[in-house]
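2 protein chains.
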Amino acid sequence: MNLDILLQQVAFIHEIDKLKYIQRKTRLFNSDRRENDAEHSWHLAVMAITLAEHSNEPIDILKVLKMLLIHDLVEIDSGDVFLYDTIVNHDNTEAERKAAERIFGLLPAKQAKEFVAIWEEFETGDTAEAMFAHSMDRFEPILQNVSNQGGTWTEHNVPYDTVMDKTSKIQHGSKTIWDFTETLIDDSVLKGYIKKPDQE
Amino acid sequence: MNLDILLQQVAFIHEIDKLKYIQRKTRLFNSDRRENDAEHSWHLAVMAITLAEHSNEPIDILKVLKMLLIHDLVEIDSGDVFLYDTIVNHDNTEAERKAAERIFGLLPAKQAKEFVAIWEEFETGDTAEAMFAHSMDRFEPILQNVSNQGGTWTEHNVPYDTVMDKTSKIQHGSKTIWDFTETLIDDSVLKGYIKKPDQE
Ligand SMILES: [Ca+2]
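The listed protein sequences derive, respectively, from chains F and X.
Taken in order, the first sequence gives residues 35 to 234; the numbers are from our numbering.
Taken in order, the second sequence gives residues 35 to 234; the numbers are from our numbering.
What the hints contain is simulated information worked out from the structure, not anything from laboratory work.
Incorrect hints may have been included.
All copies of an identical chain are treated as equivalent in the list; a pair is satisfied when it fits inside any one copy or across any two copies.
Calculated pairs, BS3-like style, for lysine-lysine (alpha carbon to alpha carbon, straight line, at most 30 Å) [to be verified]:
{"no.": "1", "residue 1": "Lys209", "residue 2": "Lys147"}
{"no.": "2", "residue 1": "Lys144", "residue 2": "Lys97"}
{"no.": "3", "residue 1": "Lys225", "residue 2": "Lys52"}
{"no.": "4", "residue 1": "Lys59", "residue 2": "Lys209"}
{"no.": "5", "residue 1": "Lys52", "residue 2": "Lys209"}
{"no.": "6", "residue 1": "Lys203", "residue 2": "Lys97"}
{"no.": "7", "residue 1": "Lys209", "residue 2": "Lys132"}
{"no.": "8", "residue 1": "Lys230", "residue 2": "Lys147"}
{"no.": "9", "residue 1": "Lys144", "residue 2": "Lys225"}
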């Protein structure tokens, strides 16, 4: 056996434990307790296997799972960026790229390259797999907010247009899930969780 | 779109959030904070994609991931069973079977059947995929205990023979990982984290 390969992999497995300490803004379903990135990544992965049939295009679900399981690891170094934050840049920042190099760089070189490529494909977001993975990443906090009387929408007073702008990307992965999401958003407007401009 | 299908899937996605409240006995790496089942399931899934090359037999890694992502969901109803508990039965209990029927039963019938079959294959444990998945499930707490000065071994005074009995199943999934694990256990005996009978 190549012990060196295994030791590098174990160092990676040890390091990524830190994802369990990265707190998100969103809260668990019907709860006051915030979700961490490891729980979030697990939930998205189960959502993907559950909802795969609703993808607009045929997808390699194994690749989608790999993306969702590792997509937030860079936040170990760069921290969680709140979806509705209007100041911090959400694009593939220099800090995130450095984090990817450091964290995936713990793995054996060939594997590190594979993991970085999967992370980059998710970040770039233009393959069928990346688009479906992004749908999951946007859909989960909507379900959470709906279960928490508006959750982060209410807490941070996020305007309707911003909600639509950030969540409508769901349709690129799944028109079915987006149609359903629109009914949830409409209902959240009716309940006062999201304010339209003319309501302010 | 078949809204009824999607609504059933969303009910399942909502329900499984409860996995984030199921506390395990083991603690995070170098930490006093206990791990929950959702974090655990995420970690095992990433371990599986990282360590797949060490499987004794060729495996369908997508099936392994599905197993690991859903294997603990029954604990939402039946609770976590401590690996080294000598009183509570670890086998596929009646309570776990009922839990599987209730929780997977939230899904559309055809999908519920698929998920139950994956869970049963993991529980039965005799396919190459189930054996590799079990290796991951046994290997993670060993790494955690080693990082926590013996962790649950020390805390619950688990004897050497019990540790060997419970962990040696790793070899059915991966001889490579088991060889490495044996060096970790030997080292843990030297450090006094695990007591051999003649040392008591
Ligand atoms: Ca994120």
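Here's how the hints hold up against the structure:
Proximity of Lys209 and Lys147 under a CA criterion of 30 Å is satisfied inter-copy only: 26 Å between copies versus 33 Å inside one chain copy. Taking the closest pair of Cα atoms, Lys144 and Lys97 come within 30 Å of each other both inside a single copy (17 Å) and across two copies (24 Å). Taking CA atoms no more than 30 Å apart as the test, Lys225 paired with Lys52 passes between copies only; the shortest distance there is 26 Å, against 37 Å inside one copy. Proximity of Lys59 to Lys209 under the C-alpha cut-off of 30 Å is restricted to the intra-copy arrangement: shortest distance 26 Å within a copy versus 42 Å between copies.
Within a single copy, Lys52 and Lys209 get their C-alpha atoms only as close as 35 Å, which misses the 30 Å cut-off; across copies the closest is 28 Å, which meets it. For the homomeric pair Lys203 and Lys97, the shortest alpha-carbon distances inside one copy (19 Å) and between copies (29 Å) are both at most 30 Å. For the identical chains of this complex, Lys209 and Lys132 are neighbours neither inside a copy (34 Å) nor across copies (35 Å), given an alpha-carbon limit of 30 Å. Taking CA atoms no more than 30 Å apart as the test, Lys230 paired with Lys147 passes in neither setting, with 45 Å inside one copy and 43 Å between copies.
Taking the shortest Cα distances, Lys144 and Lys225 never come within 30 Å of each other, neither inside one copy (51 Å) nor across copies (35 Å).
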